[in-house]
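Chemist: As you go down the protein sequences, you meet chains A and B in turn.
Using the working numbering, you'd call the opening residue of the first sequence number 2 and step up by one each time.
Using the working numbering, you'd call the opening residue of the second sequence number 2 and step up by one each time.
If you are wondering where the hints come from, they were derived from the structure by calculation, not from laboratory data.
Beta carbons: idealized from backbone N, C-alpha and C, even for Gly.
One or more of the hints may lead you astray.
Said to hold, decoys possible - Capping the alpha-carbon separation at 25 angstroms, the derived lysine to any residue pairs in SDA-like fashion look like this:
no., chain 1, residue 1, chain 2, residue 2
1, B, 63, B, 86
2, A, 283, B, 51
3, B, 93, A, 63
To be verified - Pulled a few chain B residues facing chain A out of the computed Cβ check, cut under 8 angstroms:
no., residue
4, 18
5, 33
6, 34
7, 55
8, 83
Unchecked claim - Pairwise CB distance ranges, derived in the manner of DEER restraints:
no., chain 1, residue 1, chain 2, residue 2, range
9, A, 15, B, 83, 24 to 32 angstroms
10, A, 30, B, 25, 47 to 55 angstroms
11, A, 53, B, 25, 40 to 48 angstroms
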Amino acid sequence: MRKTVIPFGPQHPVLPEPIHLKLTVEDERIIEAIPNLGYVHRGLERLADIRDFHQMIQVVERVCGICSVIHALCYCQGIEEIMGVEVPPRARYLRVMWSELHRIQSHLLWLGLFADSFGFESLFMQFWRVREKIMDISEATTGNRVIVSVNVIGGVRRNPDPEQIRWVLAQIDWVEAELQRLEDTMLEDYTVKKRTVGKGVLTRQQAYELGAVGPVLRGSGVAQDARQTGYAAYGELHFEPVVETDGDCYARNKVRFRETLASIDLIRRAIHRLPDGEVRTKIKGIKPPQGETVNRVEQPRGELLYYLKGSGQKTLDRVRIRTPTFANIPPLLVMLPGHFLSDVPVVTLSIDPCISCTER
Amino acid sequence: MFRMTPNIVRNLVVRKSTRMYPVEVREPFAQVRGELFNDIERCIFCGTCEVKCPSQCIQVDKKACIWTCDPFACVFCGVCVDTCPAKSLYQKTKYRSPTGERIIISQQGQPRKKDKAKDRAGESGTPKGSGEEKADPGGDPAT
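Could you build the full structure based on these sequences and the hints that come with them?
Modeler: Written out as structure tokens, the structure reads:
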């Protein structure tokens with residue numbers, strides 16, 4: 002059979018992000034997939050030379066719109082570590098709350114897009130309707146919907162009052178009830194299972210060796226989550242990762258769905274243990290960061306790693322970001338061969354690609 | 002196979018999830034960081050906002066007392082509002098509506114305000130009271 006090369010992306014109706022794969026196809030089956038990165042490179046890491054280390058918070062938030070809080074959190078934690086700044090306990094719990102809200106909205110966005118990738122339009126609409134409530138919570142508590150700009154070096158910028166906290170809890174209850182109504186469809190429906198079960202299988206061994214992170218790794222049965230390291234207030238919240246063992250698209254889907262419910266639980270626990278007091282340590286008078294650090298946190302898509310180096314100047318010497326999608330592309334290339342061309346969107350979306358993150 | 006059906010039936014009887022947007026607009030939340038404004042009467046042209054702004058959308062001409070802002074470069078982070086020493090900057094809860102043409106906001110102020118602020122700082126006994134007086138009305142619209 003003659004081989005054909007088909008470009009998949011960067012612009013494709015099913016893709017939310019400009020991922021580009023060169024697919025070698027024999028008949029209708031994929032033989033080989035070669036990624037082509039660099040389409041949306043913006044050079045954000047280089048901006049560290051120009052912007053001072055406070056302004057870089059706003060820059061790193063724009064690396065990825067969907068997980069802006071978590072990018073800023075990782076960056077701020079790194080700088081705080083170098084400068085030796087202690088974050089007040091209330092700020093640590095609020096950081097958990099906002100991180101988990103962002104995880105929920107990212108997972109709901111993904112669940113919707115995933116449903117859309119196999120043509121389940123009404124399920125897509127349902128997930129995005131629920132997601133809108135999370136966006137409202139973000140807007141009411143932080144001041145913006147997506148890029149919330151709430152983390153600063155030494156704490157957080159907003160301090161929700163008790164009334165607002167009660168309102169957040171009520172909204173989260175609504176979200177949980179709505180999600181439970183959709184659980185049956187997303188996890189048990191015939192059409193969903195037909196398109197996802199047994200597609201894009203990644204074994205536990207492969208996932209570990211290829212360095213997969215996040216739901217891709219946990220969907221293959223490896224219980225690894227950066228939140229287990231106990232950054233911010235996760236150490237005090239008895240966090241346990243969500244794990245599935247099948248390693249196919251359905252398992253990854255299930256991990257993300259269950260993680261969304263687990264995040265709602267984490268927010269409740271964080272709010273119930275929310276201590277009183279300050280939310281921001283003043284860092285006036287402390288010298289600009291001098292030294293280097295590596296910091297990692299858990300994004301909705303997996304483990305995010307920041308390397309920061311400063312030499313006592315206002316601008317940092319180096320900001321290096323390794324995003325989860327970058328780590329998840331090698332597993333994707335192993336998953337694709339052997340599948341039909343029509344399964345490519347489903348398998349590609351199952352790693353939740355965020356190309357603007359990866360190419361920065 | 003019909004697991005979505007209860008949801009669909011339910012959606013037929015419950016209230017609509019969407020609004021007829023341009024006609025019906027939801028009330029903004031109280032703490033939303035919307036469009037940026039400068040109360041030029043209160044501005045002391047210190048240039049802090051220009052230095053702190055991560056998108057460099059603000060220019061302050063200290064000598065001519067002109068405060069210029071490119072509203073299309075503003076990223077609504079609110080850093081300038083937080084750091085403004087005279088509390089002259091504030092954000093409304095509504096976002097800027099889209100326009101067809103590019104505009105630059107340029108405001109001309111009076112230099113005497115700067116002198117007044119200096120005088121206040123110079124007086125050892127009174128500045129506390131006057132400082133608070135200035136902070137209160139400025140804080141209201143920002144929140």
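Chemist: Kindly indicate which numbered hints from before are broken by the structure, ordering the numbers from low to high.
Modeler: 9
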